[in-house]
Every structure is written in C-alpha cells, then in structure tokens.
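Colleague: Mapped onto our numbering, the consecutive letters of the sequence shown carry residue numbers 1214 to 1369.
Calculated directly from the structure, the hints in this document are not laboratory data. Positions of the beta carbon are idealized from the N, C-alpha and C atoms, including for glycine.
Distance ranges between label pairs, derived from CB positions:
| no. | residue 1 | residue 2 | range |
| --- | --- | --- | --- |
| 1 | 1338 | 1365 | 20 to 28 Å |
| 2 | 1344 | 1218 | 29 to 37 Å |
| 3 | 1299 | 1338 | 23 to 31 Å |
| 4 | 1250 | 1353 | 37 to 45 Å |
| 5 | 1348 | 1238 | 19 to 27 Å |
| 6 | 1336 | 1365 | 26 to 34 Å |
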Amino acid sequence: MIHYQLRCVSDHEFEGWFRDSSAFEDQAARGLLSCPYCGTAQVDRALMAPAVRSSRQKRDERQEAPATQAEVPAASVAGQAGIPDILLSALQKMRQEVESKCENVGDKFAEEALRIHYGETEERGIYGRMTDEEHERLEDEGISVQRLPWVQPAEG
1214 MIHYQLRCVS
1224 DHEFEGWFRD
1234 SSAFEDQAAR
1244 GLLSCPYCGT
1254 AQVDRALMAP
1264 AVRSSRQKRD
1274 ERQEAPATQA
1284 EVPAASVAGQ
1294 AGIPDILLSA
1304 LQKMRQEVES
1314 KCENVGDKFA
1324 EEALRIHYGE
1334 TEERGIYGRM
1344 TDEEHERLED
1354 EGISVQRLPW
1364 VQPAEG
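Please model the entire structure based on the sequences and the hints provided.
Modeller: Next comes the structure, spelled out in structure tokens:
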C-alpha cells in the first residue's frame, strides 16, 4: 500500500491509501476520488516529506514488547484504531454510498459477478465478500473488482 497526501483544487489536504501509484492515477482519472471537505473530484497528490527511520528508531521498535489483546484499545480490535478521523469519515461515507446504491450479495459475490459478466442476470452494482481465490478467478475472467476497506458505519 502507498500513502499519499492529497490536495483538492480548494487547497484542502487529506490522506489516501492506494495499492500502488497506478491505482491512484486510475482512480483520479476516472473521477473516483473526492475531497472529504468539499466533495470535489479535482484531487491531486500534494508534496510529502518522506518518512525516514534511523537505525536507532528501528532498533528501539524491535525492543518494544508487542501489546497483548487486553492492552489493545477497543477501536483497534474493530480495525479502526490509528485511522485519521478525516480518512475514517471518508471511508464511512464510501460505505454508506455503497450500501445505499448497491445490492449486498454476501458470500455469493464472485458467483453473482460472474453471472452479471456473462449476461445471465441484470447488470447492477453489488457488494459482498469473496476469498482470495475467488478474486483471482474474477481477474482471470477479466472482471474488474475493487476491494474496499470496510470500516464500522458512522453512528447516528
């Protein structure tokens, strides 16, 4: 995963995580990125300082004992600890959009995607779960699917 600092045309800055640089370029070109502050799709990478760790920092990190389950904050157990609020908000908004505009097909995602691809059922937006093997099969069939970070929905 690649972490980019992003900026919209209104100079709002926020973070984004991408599989690689071409994933960012593809999503930006298709207008799939939007500013969490103003909603514009005119988003580009901002300048970032590289994160360089000294050998002392690496040595100190190796010497730290890992946290036990009891020491981990509840949000971390749910998989959301350490996510900046602005990114968490954007991911929650993305989840809300997917849930409101697509059909949840659960564990039958790969099967349903194949049926849609081959015209056996109506074309529509779907979401659900799939295994790594199913994901590979869909790619082999030429079906473009995107794995999304699925965070807890926003409260309220």
